[in-house]
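Sequences listed follow chains A and B, in order. Once you know that position 61 of the first sequence is 42 in the numbering used here, the rest is easy, because the numbers rise by one and skip nothing. Once you know that position 148 of the second sequence is 129 in the numbering used here, the rest is easy, because the numbers rise by one and skip nothing.
Calculated directly from the structure, the hints in this document are not laboratory data. In this text the structure is predicted, and so the values were computed from the model without any measurement. Some hints could be false.
For chains that are exact copies, the list does not tell them apart, and a pair is met inside one copy or across any two.
Only pairs whose alpha carbons sit at most 20 Å apart, straight line, appear in this in silico EDC-like list of lysine to aspartate or glutamate [unchecked claim]:
(1) Lys136 x Glu120
(2) Lys132 x Glu94
(3) Lys90 x Asp34
(4) Lys132 x Glu120
(5) Lys132 x Glu87
The chain contents come next:
2 protein chains.
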Amino acid sequence: MTPQISIFRQATRTDLPAIVRMLADDDLGSQREKFETPLPKPYYSAFEQMSSDPNHELIVAELNGEVIGTLHLMFLPSISFQGGLRAQIESVRVDKRFQSQGIGSEMMKWAMERARQRGAHVVQLTTDKSRVDAHRFYERLGFKGSHLGMKLNLK
Amino acid sequence: MTPQISIFRQATRTDLPAIVRMLADDDLGSQREKFETPLPKPYYSAFEQMSSDPNHELIVAELNGEVIGTLHLMFLPSISFQGGLRAQIESVRVDKRFQSQGIGSEMMKWAMERARQRGAHVVQLTTDKSRVDAHRFYERLGFKGSHLGMKLNLK
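Next comes chain A alone, as it looks inside the complex (with noise of 0.2 Å):
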């Protein structure tokens, strides 16, 4: 059963908290986020940064007035494929008690149709090799592991 979904829009700045306690409360996110009040600094700095730039949209799901999802979308200027636009997702998360719905479905085909409107040629993402649940969503919605994706850590 898919709830009705009010709207997917652009996060403000007031929408940061939900959509930290979404990063944290995760096997993986709960290790690297902090999710306290006020939430650290750094939050907030990144935010800025991405509203003041059109090549990242933070978005954000609300159903009944409630932040209840968030990912972010990013469109990439690239020279490869004859100069072409790509998106990437990344941080995609749906509120715990909302799981299971449908929710995430939505939202990324909201995004997958605002990254075509956009020009992107692709959709691109990465997501942790133990994720299994999550890759099966990603087919689901078309896409295909073709990639892998690699990581070093500077810190």
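Since chain A is already given, all that's left is putting chain B on it; use the hints.
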């Protein structure tokens, strides 16, 4: 043997044909690039966008005045990881005549150091699953293949 690299630097508009030539001279790249004289306009449009955005750095390696390597280094603000800055690398190429001489490795190390200087907490990249040599190359540089890279073509 590592030859003397004269310089790693930001690409200029006049470097673009050399960059596209390297992107096209590759099993996968040959299917998606158009290396013609003059270059198709979208390459220049993408270059202008990247040049005007300090979060994108199109890098070339120059040896004896000739462009023989390239990569695209980008900086991505993010709410996750406590508002941490990510660096991402795409479109890494070394001219076939100069491969297996350590140039790619030097170029990557230069980019990793640049990412560190700009305060990124991680360098991330994806590489096609078929590029097995590339996986080993990045592993030698310290990258870990912890993620699945998924793509959805929109065109």
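Evaluated hints:
Taking the closest pair of Cα atoms, Lys136 and Glu120 come within 20 Å of each other only across two copies (18 Å); inside a single copy the shortest separation is 32 Å, beyond that limit. Taking identical chains as interchangeable, the C-alpha atoms of Lys132 and Glu94 lie at most 20 Å apart only when they sit on different chains, with a minimum of 15 Å there against 28 Å within one chain. Taking the closest pair of Cα atoms, Lys90 and Asp34 never come within 20 Å of each other, the shortest separation being 23 Å inside a single copy and 28 Å across copies. Taking identical chains as interchangeable, the C-alpha atoms of Lys132 and Glu120 lie at most 20 Å apart only when they sit on different chains, with a minimum of 10 Å there against 22 Å within one chain.
For the identical chains of this complex, Lys132 and Glu87 are inter-copy neighbours only, at 18 Å across copies versus 29 Å inside a copy, given an alpha-carbon limit of 20 Å.
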